[in-house]
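Student: Can you make the complete structure from the sequences, with help from the hints?
Sequences listed follow chains A and B, in order.
For the first sequence, the numbering used here assigns the number 155 to the last residue and increments by one with no breaks.
For the second sequence, the numbering used here assigns the number 84 to the last residue and increments by one with no breaks.
Treat the hints loosely; a few may be bogus.
Unchecked claim - Think about it this way: if two alpha-carbon atoms lie no more than 25 Å apart in a straight line, the pair counts; the simulated SDA-like pairs of lysine to any residue are:
#1 B:7 x A:123
#2 B:7 x A:135
#3 B:7 x A:16
#4 B:7 x B:20
#5 B:7 x A:113
#6 B:7 x A:107
#7 B:7 x A:56
#8 B:7 x B:23
#9 B:7 x B:19
#10 B:7 x A:127
#11 B:7 x A:138
#12 B:7 x A:121
#13 B:7 x A:87
#14 B:7 x A:141
#15 B:7 x A:9
#16 B:7 x A:137
#17 B:7 x A:83
#18 B:7 x A:77
#19 B:7 x A:126
#20 B:7 x A:89
#21 B:7 x A:111
#22 B:7 x A:109
#23 B:7 x A:112
#24 B:7 x A:20
#25 B:7 x A:122
#26 B:7 x A:120
#27 B:7 x A:118
#28 B:7 x B:18
#29 B:7 x A:88
#30 B:7 x A:106
#31 B:7 x A:140
#32 B:7 x A:117
#33 B:7 x A:115
To be verified - Cβ pair distances, simulated, as ranges:
#34 B:4 x A:63: 20 to 28 Å
#35 A:4 x B:67: 47 to 55 Å
#36 B:3 x A:19: 26 to 34 Å
#37 B:51 x A:122: 26 to 34 Å
#38 A:124 x B:10: 20 to 28 Å
#39 A:77 x B:60: 41 to 49 Å
Worth flagging that the hints you see were computed from the coordinates, not collected in a lab.
Even for Gly, the Cβ is constructed at its ideal location relative to N, Cα and C.
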Amino acid sequence: MRGARRAREFEAFVAGAAGRLLHAATLLTAEPTDANPRARQLLTASLAHTYASWDRLRGEDPYDCARRELALRYARGAWHRGGPPPDGPLAHLKARERLVLVLRLFEGVGEEQVAALLGLPQERVGALHARAMALVLHPPRGPAPDGPAMSGAAP
Amino acid sequence: MSLQERKEAAVRAVFDRAPRPVVPPGLCAEAMRRGERTLRRRRTARRVLWCVLLAAVAAFTVWAAVARPWEEPPARTTPPLTGW
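Tutor: Dropping the structure here:
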């Protein structure tokens with residue numbers, strides 16, 4: 001039965017991947033580790049998409065599929081407007097800077113692939129990456145700005 | 001180690017220091033439930049499309065059998081009567 005096999009394989013995949021993906025999602029939404037409802041929603045939606053495409057992956061890594069969906073859903077922007085003030089190491093960053101930094105350094109995705117995924121020129125990804133690293137290593141003083149708008153990071 | 005690499009290592013260390021969130025127990029089941037719903041919707045949409053296609057083919061076949069559009073229509077005027 002295809003459905004039963006899909007369910008079994010998917011459960012095994014989630015058991016191995018959900019922890020890391022939730023960590024990435026929580027870094028992106030900049031929520032406290034123990035109160036991260038937005039990151040959980042983001043992850044649930046991405047995993048649901050992965051489950052629905054499971055039979056059509058044809059050798060593609062389901063982790064890549066889930067990560068891509070997570071990044072695109074976050075980039076689409078319903079996840080970083082409003083909500084509690086940002087927390088965690090990426091609190092001072094804008095949405096696009098967080099996305100580039102998490103994909104490049106937390107997930108180890110190459111600059112070229114990040115550029116293709118986000119539809120940005122590679123130099124722009126490099127610039128966002130450099131700025132994001134500088135902000136993490138030397139955070140500005142004062143409270144983090146709330147609601148980092150995606151448009152604020154646009155050129 | 002270049003400056004860039006040192007910076008990257010420092011940021012990775014920041015990530016490693018951040019506490020890891022705990023995956024809530026119901027998350028996998030919820031994702032499966034939603035994914036199953038998406039699959040069901042896709043299946044329904046596919047079925048509806050097939051039904052529409054089959055109905056269109058059947059309707060065309062019946063119309064063609066009745067109207068016989070490939071046949072020449074019968075003449076509407078009587079040919080003139082000559083040589084009588």
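Student: Mind checking the alpha carbons of residue 7 of chain B and residue 19 of chain B for me, to see if they're no more than 25 Å apart?
Tutor: With a Cα-Cα distance of about 21 Å, the restraint between residue 7 of chain B and residue 19 of chain B holds, given a limit of 25 Å.
Student: Return holds or violated for the Cβ distance of residue 51 of chain B and residue 122 of chain A against the range 26 to 34 Å.
Tutor: Violated, at about 48 Å.
Student: Given the hint that residue 7 of chain B pairs with residue 117 of chain A, does the C-alpha gap stay at or below 25 Å?
Tutor: 24 Å, holds
Student: Given the proposed pairing of residue 7 of chain B with residue 113 of chain A, does the C-alpha separation stay at or below 25 Å?
Tutor: Given that 25 Å is the threshold and the Cα spacing comes to 21 Å, the pair holds.
Student: Quick one, are residue 7 of chain B and residue 83 of chain A close enough, alpha carbons at most 25 Å?
Tutor: 31 Å, violated
Student: Is 47 to 55 Å respected by the C-beta to C-beta distance linking residue 4 of chain A and residue 67 of chain B?
Tutor: Holds: the Cβ-Cβ distance is about 51 Å, inside 47 to 55 Å.
Student: Need the status of pair residue 7 of chain B, residue 137 of chain A: alpha-carbon distance at most 25 Å?
Tutor: Holds - the C-alpha atoms of residue 137 of chain A and residue 7 of chain B are around 8 Å apart, at most 25 Å.
Student: Assess, step by step, whether the Cα of residue 7 of chain B is no farther than 25 Å from the Cα of residue 118 of chain A, and give holds or violated.
Tutor: Within the cut-off at roughly 23 Å; holds.
Student: Please verify whether residue 7 of chain B and residue 115 of chain A have alpha carbons no more than 25 Å apart.
Tutor: Holds, at roughly 21 Å.
Student: Hinted pair, alpha-carbon criterion (25 Å max): residue 7 of chain B, residue 127 of chain A. Please report holds or violated.
Tutor: Answer holds: residue 7 of chain B to residue 127 of chain A is near 14 Å, not above 25 Å.
Student: Just to be careful, I want the Cα atoms of residue 7 of chain B and residue 112 of chain A compared with a cutoff of 25 Å; is the pair within it?
Tutor: The hint holds at about 20 Å.
Student: Taken at face value, is the distance from the CA of residue 138 of chain A to the CA of residue 7 of chain B at most 25 Å?
Tutor: 11 Å, holds
Of the numbered hints given earlier, the model fails hints 3, 7, 8, 15, 17, 18, 37; all others are met.
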